[in-house]
Structure formats: structure tokens, C-alpha cells
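Listed here are the chains, written in short residue letters.
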Amino acid sequence: MSALPATVRALKPPRAVAPAPTSADSPPEKPLYVRTRTPEWLPRILAPALGVALFVALWEILAKAGGRLPDPASTWHSALEVFANPFYRKGPNDQGIGWNVLASLGRVGVGFGLAALVGIPLGFMLGRFRFLSDMAAPVISLLKPVSPLAWLPIGLMVFKAANPAAIWVIFVCSLWPMIVNTAVGVRQIPQDFLNVARVLNLPEWTVFRRILFPAVLPYMITGVRLSIGVAWLVIVAAEMLTGGVGIGFWVWDEWNNLNVQHIIIAIFTVGVVGLALEQGMILLARRFSYE
Amino acid sequence: MMDRYLQIEGVRMVFDTKKGPFCALERIDLDVPAGEFVSLIGHSGCGKSTLLNIVAGLLRPSDGYVFLANREVSAPGPDRGVVFQNHSLLPWLTCFENVQLAVERVFGAAEKKAALKERVQRALELVQLGHARDKYPHEISGGMKQRVGIARALSIEPKVLLLDEPFGALDALTRARLQDELMRIVSATRSTVLMVTHDVDEAVLLSDRVVMMTNGPAATIGGILAVDLPRPRDRIALAGQRQYVALRAELLEFLYRKQMREAA
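Listed in order, the protein sequences are those of chains A and B.
The numbers in the working numbering rise by one with no breaks, and the one at position 287 of the first sequence is 287.
The numbers in the working numbering rise by one with no breaks, and the one at position 47 of the second sequence is 1047.
Just chain B, same shape as in the assembly (with noise of 0.2 Å):
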């Protein structure tokens, strides 16, 4: 059972536009063993946040399955923590209260008041937003409200992690600090992730594999690249060593070389 835990199954998704039917996705088989981490590459438009939204339930695949643990995924649901790419905290609730919506959800029912704030309080600690509690998110930086984003994911003990270019709009200092914050809290709490990115050196930096998606229309894995770098991972020791040099220019060849035609 556990390399079979996410499962995604003949997976196709077509859409109804105006100019008529848009196939986006094509034939996606993808198992994801548990506590391992795993990335969509691919270039916009190559319909890899449709598979992530897929997966997260906002939307139901044309054709095939998702199962995780084996369930069928057919809605969105609290056993998957979704980390969206523009942060999507609520502004008019204060950090802590963002983070108790998602824990009051899950949680609510079962255990004490206290018990919930203190779930809360261990989350925003985890990602070191203990201090900027009581703060809303227009006091804090773009950085600290992608750290919430993920605090309020990570607080209801999703069984799976979907993050969908969860540091794209950060600038690349913020994005480094953040990607090595989510290495510790990854490999702490020993997440199960799928994650977007159109970064290589992200990819390769935080993942056990990479999924390397061809472009749209009609999208579908081009390949699986292992990344059997040993951790815990540190992006100044790697820059300078051959696997991880190999890897990246693998993943920039498939992106660049195979992948160029509509990519422009």
C-alpha cells in the first residue's frame, strides 16, 4: 500500500470553451508513494495547475480517477491542503484567525477550544509567524503571507500537500529562504507534497521527482526525472555539484530543447 498512495489514473480533462472542445490534459498515470515529494515542470499554459486542481478537487477530470489513500477524490475536501499561488488569505481576518477557519474546520468537532489555539499557534510556529499572530495580511511582507498560506495548509494534517507555484510571485531572496523553510517543515513533518513550479532550480532542490510535462493542447508526462540527491539539501553545496548539474541541465534540455515549439 504505500507506494500506492496518490493515485492518479487515465486522467483527461477537456474543456467546453466558445471555439469548442479544449483538451488540456491527455492521459496522465502518476502514483505518488507516501512522504515523497513531487513536481509538475512544464511551461504555462501546459495545463499542470489544471492537474493540481484536479487532484485538489476544484475540478472533476473529464475522464480516469484520482485516489488518495485509496479514495476516490471526487470534491474538494480537508484531507488535502491546498497552498494557492497568490497566498488567498482572507483580509479581513488576522493571521491566527486564517489559520483557525482551516483548523476549526477540521478539528472543531472533536477536540477542546484550547486544544484548536493551540494547533493554530504550533502551525504559525512552524512557519515562524508565532510573532505576527494578531497581524491581518496587509501588514505583513509577501513572503510572510505565503508562510501563512502554508500554515493554514499544513494545519489541518492534510495527507497531501498541493501547492501550486506556491513562490512564484515572490522575489528570488524571499523564494530561496522560503523554499529552504519548506525543506525543514517538509522533512519534518515528513509531508507528502505535489507541487507546480516552472522553476528548475526549485524543482530540483526541493524534489524526490520531477514530472516533466509537454506542452498543451493535449498534455501529458514526457518524462520522470528521479532526483536521488542525498538530504537534507543545501542549495550552496549543490550549485557546485556534478549530479545536481546534470539533473538541472536534463530538466532544461526537456524544457527548452524538446518542449520549445509553442513555448514562446
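So here's chain A without its partners, still in its complex pose (with noise of 0.2 Å):
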């Protein structure tokens, strides 16, 4: 039986020669066949990458079947290119995609601060006292569902220069999700933490820092991730709107140069962007969750 190559012995197991198992010199009986498993991560990086693939195939299909729609190979080439260089400046109009992007960030940055500086307390008053919700119920419910470019217009009229104006949309645009969530998440408080509070007659600042804040906290969280999320989806197109330098504004200018490789990597550059930050928001939520 040792005579017999391994890969026989293991297909076909000679029973006829085999030995009684009891047999000392007898080498242990190989199974027939190991039930092979598939990992368990390879699906899961399969799946995104097949997707991925398919995605560019597509892309690739539909620019070579005509139209003005650049290749895969040409836009990467040209992304090379640009992220090659990504904070240069040229003039105004002229600047590197990095400084766009920032430009960008910092706008989304300060307009989505004040409205936090604004929202948040907002949220947590009409959390707390009912007539003041009531109160504010109807405005919100009419204004949260206009377009924030709508807005625009009254932001260039107030301000009379396009980079407030912008920022004004955002803070308009990031207002109602913070109020909103704060307010929901101060509801959600429940009784027996207002009661531990109650039976201890804790001073009110530390009934807001060890119990509201706390308890507020996710849901203010989840209020943050998605005013920024609608922030970074509006800004492009009020950047479109006002001009100046930011990715929305370099999108528009490189439509008037006709190259439709920077648009596309502009698109995939704010999509990577707003992946990021959501992310990122994710990771904050994660760290003050207590469950």
C-alpha cells in the first residue's frame, strides 16, 4: 500500500489490500475528498470588485459606442495628470483640484458649523417644551422639503457677494436635519433617567451634562451625518451657481472647456469626498454609542 503514488491512494482506496485496521504498520485511511468551503471573506470582496468591474465594462462599452463619453483609460491617464499636481495656482480662475476640494470643504465646514451652532440648541428647546415644537412645527414642515437652492437667490440678495451666499445655503440646508434629530432625540429621553434625576434633585446643569447631553448625543450624531451628507450633495451645485473656486465651480468650468475627463473625475472626486466624511461620521457615532 506505502507503493501506491499518494494522489491513487487517496482517489481510490485499495480496500481489497488495505490492511485490518488494527495492522501497527497501517498509515491512517485518507478521507475520499475534503468538503472544500469557500472562505468566508472572499464573496465579500468578490461581490464589490465583480460590481466595480462591471461598472467600468459598462462605462467602456458605452464610450465606444459613440457619443463624446471619454474611456476608462483616457479619464485614469488624466486623473493621473491631475492629481499629479493637485495644489497649484494659476490665477483665480486656474487652481489645482486639491485647493477646489478645500475650498469646497471649507464652505461646507463653516456654513454646516453655524447651523449646528444654531440647530442643535434649537433642537434641544423644542425637544424639551412642547409649545415651542408645536410652535415651530408648521414652518419646519413647510421649509424642509424646498430645494436648498431656492435659497440662493435670497442669500446673493442679503449678502450681495456669491462665497456667503453659498455658504448661506448650506447653513440653510443643514438647519432642518440638526433641529430636527435634536429635537426627536430629546423626546426620546426616557422617564427613568428623568427620574434618577428627579428623586437625586440634581442641579440642572448636571442633569443636561450627565443625562440629556449624554442621551441626546447619537441622535444629534445622526442629525450631523446627515446635514453634512445634503451639504456636500448641494454645494457642488451652488458652487455651479456662484462661481469662484470650489469643485462645483470647476466642474462648470471645464464643462465651458469642453473636457468631459475632468467633469468625470470631478464626479468621482466628490463621490470619495462624501464617502469620506460620511465615514467618518460613522466612526463618531460608533465612539459615543453605549449600547
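If you are wondering where the hints come from, they were derived from the structure by calculation, not from laboratory data.
What you are looking at is a predicted structure, and each value in this text was computed from that prediction instead of being measured.
Every residue gets a Cβ at the ideal spot worked out from N, C-alpha and C, and that includes glycine.
One or more hints might be untrue.
Unchecked claim - Simulated restraints, written as ranges between beta carbons of each label pair:
id, chain 1, residue 1, chain 2, residue 2, range
1, A, 145, B, 1198, 46 to 54 Å
2, A, 208, B, 1184, 36 to 44 Å
3, A, 208, B, 1135, 20 to 28 Å
4, B, 1218, A, 188, 29 to 37 Å
5, A, 121, B, 1091, 22 to 30 Å
Assembling the complex is the task here: the two chains are given apart, and the hints tell you how they should meet.
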């Protein structure tokens, strides 16, 4: 038996020749086959990879089919050029993509920060006092579905400049999710926690710091996440209208130059930055979740 | 003065509901001397938790008064330690910090940081959770959470301990262990206790007196059963004892014969 090659032995155990299992010199019989299992990580990686590959293939087909869509390869080469030097400055209307992205992020940051400054305290108040909430409800529900861009002319009129008007649009669109989520969070605080505060007769500031704030924090972070997501969506459109430096303006500028490759690069850049913002907020939320 | 420690006088509680006024409690009079363990027992909905909340100051009675050590109870306050049915620990604070919150409120102005921490640690050790001080509530079992709740209530050295079905949400074995532990703690600290329960065995085992409440609406005290079993009590030895069995039977008789009408 030991003379047989290993492969043959595994496939076809020589039953007739095999000695009794008790005999000492017989090697342990190998199983006929080992049930193979795909490792769990394989489909998890394979599926997204396949999705991306399919997407690129579809793009390639569309590009080949005619029209003026650049194909993936030429876009890739163009992207390498664009990202080779993202921080150059040649006058106010010709700057690297890095500056453009940073300019847009800066507007989002300022507009969003102002919205947080107003929206979070307002949300706390609306959540705490029924009367205020009922007062604000009609106004908020009326204004919430309005496209933030509709506020742009108002901003231009009031501020008489493009940059503050763009920030104003971001402020308006970030405001609603922050108010609504904070208010919902305050209303969701279990009565038990408030009873703890009451039986201990805790001072108002301690109640806020140790009970209200931590209880509302996860809701607030959800509000912040939604706000940032919307703000990043809106900034591109706002900048297209206002001009200046920014990723939205860059898209519009490249359209005027008929550089479609750069437009596609911008689309992916906006997507990647948005994804990074979202993931960052999810990480932050996980840090502050207490369950 | 000793036998007029916690006084409940002519308490009546009427709630305004959508269907009009609902009278939950009627003519409640009860005196609890210092150091006594009194249970309130009755079918669910008989207003026993309402009465406890009135003593806690979370509810104001429509009529009548509650006095604690000759001072009227009109608002919640840290002279009463409350243990809630569902532990009510703050999930973002560790066990230590949960107790610390209470300790700092009551002794923070008078004592140094180290003394306060010492108090917290002592309270946790009293319920045998000194080792779990840095754990968060979601990391410990239901029984342990309830013990932290008891530690929090005791840490502020309250004049009276108010327990609202403290072991209702626990399994039978954990409940028995915590009852034994509560007996040990109460006898060590000589606490005055008012406990709401719907468990006949728990009431007899732990109490000096059991207040039997009639069914609502307009629930009132239907009778008071004095439990003069010697302490310390041992649940296994008691189980076969004639006096214990008789007390238990009397409670069952009250709950399931006299007060059965609406209890289904």
C-alpha cells in the first residue's frame, strides 16, 4: 500500500489490499475527499470588485458606442495628471483640484458649523418644550422639503456676494436635519433617566451634562451625519451657480472648456470625499454609542 | 417620635384622564417607624406604585400628606433612596460613576474627592460589586444592575429606602439571592424600607409588616399583616415552619379570595 502514489491512494483506497485497521504499520486512511468551503471573506471582497469591474466595462461599452463620453483608460490617465499636482495656483480661475476640494469643504464646514450652532440648541429647546415644538412644526415642515438652492437668490440679495451666499445655502440645508434629530433625541429620553435626576434632585446643569446631553448625543450625531451628507450634495450645485474656487465651479469651468474627462474626475472626487465624510461620521457615532 | 417616622396621612390620588377623573388611591393612612421593613402588596393596578411615587415625591397627592421625620414631603429629594423596577442606571456611566452621581449630589459640598470615592466604593462593596466598578451597565447581568441600583440608593444614606418591585424583572434564582442580600444589607444598615411587591413569599420573607391593598379604582389599605418571624431569617428553614405557612396563607387568602374580582 505504501508503494502506491499518494494521489491514487486518496482517490481510490485499495480496499481489498488494505490490512486490518488494527495492524500497526498501516498508515491512517485518508478521507476520499475533503469538503471544500469557500472562505467567508472571498465573496465579501469578490462582490464589490465584480460590481466595480462591471461598472467600468459598461462605461467602456458606452464610450466605444460613440458619443463624446471619454473611455475609462483616457480618464484614468487624465486623472493621474490632475492629481500629480493638486495644489497649483495659476490665477484665481485656474487652481489645482486640491484647492478646489478644500475650498468646497471650507464652505461646507462654515455653513454646517453655523447650522450646528443654531440647530442644536434650537433642537434641545423644541424637544424640551411642547409648546415651542408645536409653534415651530408648521414652519419647519413647510421649509424642509424646499430645495436648498431656492435659498440662493435670497442669500445673494442679502449678502451681495457669491461666497457668503453659498455658505448661506449650506447653512439652510444643514439646519433642518440637525434641529429635527436633536429634538427627537430629547423627546426619546426615557422617563426613568429623568426620574433618576428628579429623585436625586440634581442641579439643572448636572442634569444636562450627565443625562440629557449623553442621551441625545447619538441622535445629534445622526443629525450631523445627515446634514453633512446633504451639505456636500448641495455645495456642488451652489458653486456651479456662484462661481469662484470650488469643486462645483471646477465642474462648470471644465464643461465650458469641454473637458469631459475632468468632469468625470470631479464626479468621482466628489463621491470619494462624500464617502469619507460619511464614514468619518459613522466612526464618530460608534465612538459615542453606549449600547 | 420613634414610631412616627414615615407618616402617610389621608392620602388620596385622583388622576385626570381622557375619560374623566380616575381615583387611584383613597384614604391611605400608614405610619412606618424607623428601622421597619414594610411591604405594599396587591394586584397590579391597585395603586401601590402610585403610593410609592407619592412618598418619593415624584407625584403629588390630590389630598393628604406625607411626612418623613416630621418634615412634609412635597418634592423628590435625596433623603429618600429610590430603587426602580428596571434599575434605571445611566448606560453611558460605569457602575462607579452611576453611584458617584448620587454621592456627589448629596455629600459633594461637604466632603473631599477622596472621601466621596471612598463612599462610592463602600456602597458597591456593600452589594458585593466592588470588582465591577469600572463596568458599564450593558456589560453586567440584570441582577448585578439591580444591585448597583440598590447601591446607588443606599450610598446617599437616605432616611427611607423606597423599592418599587426591585426584583420583579429577575429570574427566580437571582431574585432569591438578591432577597437574601437585601435582608443582610437592611439589617446591617438598619434602614427603614418601603417596598412594593406582588410576590407573597418575598413579602413574608423580608417584611416586618405587609400592607395589603384592595383592588382599584379607589384602592385603599385592606389590612395589615404583622410578620413577627425572628431574624435573621432563612428561607429554607422558614419554608416548613408553621407560622410562616400560616402568614403566607393569610396573604394568599386576601389576594386570591377577597380581592379576586377584577384581578383577571
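Any hints this thing doesn't respect? Which numbers, in order? none
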